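Q: Sequence lines, in order, name chains G and D.
For the first sequence, the numbering used here begins at 523 and goes up steadily by one.
For the second sequence, the numbering used here begins at 52 and goes up steadily by one.
By construction, these hints were calculated from the structure, which means they are not laboratory data.
Part of the chain G face toward chain D, derived, beta carbon under 10 Å:
# : residue
1 : Ile526
2 : Met611
3 : Thr628
4 : Gly630
Capping the alpha-carbon separation at 25 Å, the derived lysine to any residue pairs in SDA-like fashion look like this:
#  : chain 1 : residue 1 : chain 2 : residue 2
5  : G       : Lys634    : G       : Met533
6  : G       : Lys626    : G       : Met611
7  : G       : Lys538    : G       : Gly607
8  : G       : Lys626    : D       : Asp107
9  : G       : Lys595    : G       : Gly584
10 : D       : Lys60     : G       : Met611
11 : D       : Lys108    : D       : Met92
12 : G       : Lys595    : D       : Met92
13 : D       : Lys95     : G       : Asp544
14 : G       : Lys626    : D       : Thr137
15 : G       : Lys626    : D       : Lys95
16 : D       : Lys95     : D       : Ile66
17 : D       : Lys108    : G       : Thr631
18 : D       : Lys60     : D       : Leu129
19 : D       : Lys95     : D       : Asn81
20 : G       : Lys626    : D       : Ala103
21 : G       : Lys626    : D       : Ser100
22 : D       : Lys108    : D       : Thr71
23 : D       : Lys151    : G       : Tyr547
Remember, it's a predicted structure, so these values are computed and weren't measured experimentally.
Glycine included, C-beta positions come from ideal geometry on N, C-alpha and C.
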Amino acid sequence: AQKITQTQPGMFVQEKEAVTLDCTYDTSDPSYGLFWYKQPSSGEMIFLIYQGSYDQQNATEGRYSLNFQKARKSANLVISASQLGDSAMYFCAMREGKTGGYQKVTFGTGTKLQVIP
Amino acid sequence: NAGVTQTPKFRILKIGQSMTLQCTQDMNHNYMYWYRQDPGMGLKLIYYSVGAGITDKGEVPNGYNVSRSTTEDFPLRLELAAPSQTSVYFCASSPLTSAKTQYFGPGTRLLVL
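Working from the sequences, and respecting the hints, build out all of it.
A: Here it is as structure tokens:
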């Protein structure tokens, strides 16, 4: 089974609208973390948001929020009020293992988001 | 702070040649990682390190070697370059006390012909 699954290869959203990018994960490790990264066409990886497996509340960072549903093993990224600059590839990633010890990081295949004026 | 720096930015290698991709971070982070990103794909972990002198294999380690003699540096060595190693290589680091994020370098684009 894939560790991280992003089922939407591409998405379109109207400027100023909200959009949800899907991510499901698979792990038997009780301690894990989930990340979302943005990769614009220039190629750099930009950290957006993090959710720990023990965090009680969904993470938020400005216009980004992470809809964490632990029982369903999903960690969807919600971008509110989309902007043209949000057009990019978005990657979901999972870190397994405890801080200070063995850690494995797995990335999904990404979703290409295009914001339409 | 410079953050995570990588050199070179771009390199063309002939099959069978060797090279070292350099990665340096100035944030005193314990964790360092090497990833490769093939066209249209996500990142795959090659090697990682939890501190000076400690390294471990990731998902795709074959054809690569690493060393970590200092906290700051984490070079990635390609001994016998193959066309399958054509990719963009990213180095990243994160602090020991908080794995909430990884700080990425700008990447090295490698073409093996």
